[in-house]
Amino acid sequence: MSDLPFTLDQLRILKAIAAEGSFKRAADSLYVSQPAVSLQVQNLERQLDVPLFDRGGRRAQLTEAGHLLLSYGDRILSLCQETCRAIEDLQNLQGGTLIIGASQTTGTYLLPRMIGLFRQKYADVAVQLHVHSTRRTAWSVANGQVDLAIIGGELPPELQDSLERVPYAEDELALIMPMYHPLASQAVIQREDLYKLHFIALDSQSTIRKVIDQVLTRCGIETRRLKIEMELNSIEAIKTAVQSGLGVAFVSNSAIEKELQMGVLHRAKIDSVVVNRTLSVIFNPNRYRSKAAAAFTAEILPQFTNLPLNFKPIGAEKNGADKNGTKPTAPPPEPLNLSP
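At position 24 of the sequence shown (counting the first as 1) the number is 24 in UniProt numbering, and the numbers step up by one without a gap.
Check the hints yourself; a few may be wrong.
The list that follows gives simulated cross-link-like pairs (lysine-lysine, DSS-like), each with its CA atoms no further than 27 angstroms apart [to be verified]:
1) 269 to 258
2) 227 to 196
3) 210 to 196
4) 121 to 258
5) 227 to 269
6) 269 to 210
7) 291 to 121
8) 227 to 291
9) 227 to 210
10) 269 to 196
Label-pair distances were calculated between CB atoms; the ranges are [what the hints assert, rightly or not]:
11) 228 to 126: 39 to 45 angstroms
12) 76 to 154: 29 to 35 angstroms
13) 228 to 25: 26 to 32 angstroms
14) 65 to 160: 18 to 24 angstroms
15) 65 to 120: 45 to 51 angstroms
16) 193 to 25: 49 to 55 angstroms
It is worth saying that the hints were derived from the structure and are not from the lab.
For every residue, glycine included, the Cβ atom is placed at its ideal position computed from N, Cα and C.
Using the sequences provided together with the hints, build the complete structure.
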């Protein structure tokens, strides 16, 4: 074939149909007519001489050839976006886009403050924040759809060798209870007291719940003995339920700063137990790192951390050691700085 049998617009249409499940919804999402979408697909199938969709069902289903083209199309479109952003960088942060990913808690409570500081300095750079599960966020970084991300969970095993992960901050998971709770008057509560309390938690299948359970277990707390009286689907709902006296909960310190300042929640201390999780910054070392991403990394991230940051240049050893094999040492972390 002397000429490419597809265009970028056709790849975008293919991706939209696969995502939306129908030609009509894909057309709506692309702000074009359904006949225009159908015509482009027909032309694409004729040029490739293979069917791309199984039209027998109510939902547009990709054929094997369609899945194959979509896989390569995603990579092609991602590389095109990366190319455009690299060209935008020539304007030296007088434009362009910074795309940041985050898992739920960091994306809701920490990243907006960071982005606010960045926008004060680089008002001409458009910033996008994508908040999803740790797994989906990691894949977005791997595919080049996101410049960098801050996550609190574990990387998918299949991405651990392809992404650069830098420990970013120690985030304490605080035990919160109503101000009038009987234990709120005690300076310190005992570990055994936890098993007598009524807990409010996220859904057991949520990524954040799994991370919290893992951290509690590492700290010697038997999660199976905790009495989970209620499961809710958001941190905000949990905080409201705790304020209303429905139970207690473990939540990230970053999520309760406002409530602690207002005096509507009590943060209990557990004797000889500090429940911490490690937040991490992740990059794809094989993707172009824009000037906006470099500026965010160098100027904004250090203001919200309690760990010495060691961002390796592209191509550096993944184990964090220097050329002599010596790994940097770090002092014990202090509480996460949320108000620079």
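Has the hinted range 45 to 51 angstroms been met by the Cβ atoms of residue 65 and residue 120?
Because 49 angstroms falls inside the window, the suggested range holds.
Between residue 227 and residue 196, is the straight-line Cα distance small enough, at 27 angstroms or below?
Judged against 27 angstroms, a Cα distance of about 7 angstroms means the pair holds.
Distance restraint between residue 227 and residue 210, which requires alpha-carbon spacing of 27 angstroms or less
The given pair, whose Cα atoms are some 16 angstroms apart, holds under the 27 angstroms limit.
Should the hint that residue 65 and residue 160 are 18 to 24 angstroms apart at their CB atoms be regarded as holding?
Distance hint for residue 65, residue 160 is violated at roughly 32 angstroms.
Check whether the Cα positions of residue 227 and residue 269 lie no farther apart than 27 angstroms.
Measuring from Cα to Cα gives roughly 19 angstroms; hence the hint holds.
Please verify whether residue 269 and residue 196 have alpha carbons no more than 27 angstroms apart.
Answer holds: residue 269 to residue 196 is near 16 angstroms, not above 27 angstroms.
Does residue 291 sit within 27 angstroms of residue 227, going by the straight-line distance between their CA atoms?
Measuring from Cα to Cα gives roughly 49 angstroms; hence the hint is violated.
Do residue 228 and residue 25 keep their Cβ atoms within the hinted range of 26 to 32 angstroms?
Check failed, 38 angstroms falls outside 26 to 32 angstroms.
Given the hint that residue 269 pairs with residue 210, does the C-alpha gap stay at or below 27 angstroms?
Distance of about 22 angstroms is within 27 angstroms: holds.
Is the distance from the Cβ of residue 193 to the Cβ of residue 25 consistent with 49 to 55 angstroms?
holds (52 angstroms)
Distance restraint between residue 291 and residue 121, which requires alpha-carbon spacing of 27 angstroms or less
holds (13 angstroms)
Per the hint of 29 to 35 angstroms, is the separation of the Cβ atoms of residue 76 and residue 154 within bounds?
Since residue 76 and residue 154 have Cβ atoms about 30 angstroms apart, the given range 29 to 35 angstroms holds.
Hints 8, 13, 14, counting from the list given before, are not met by this structure.
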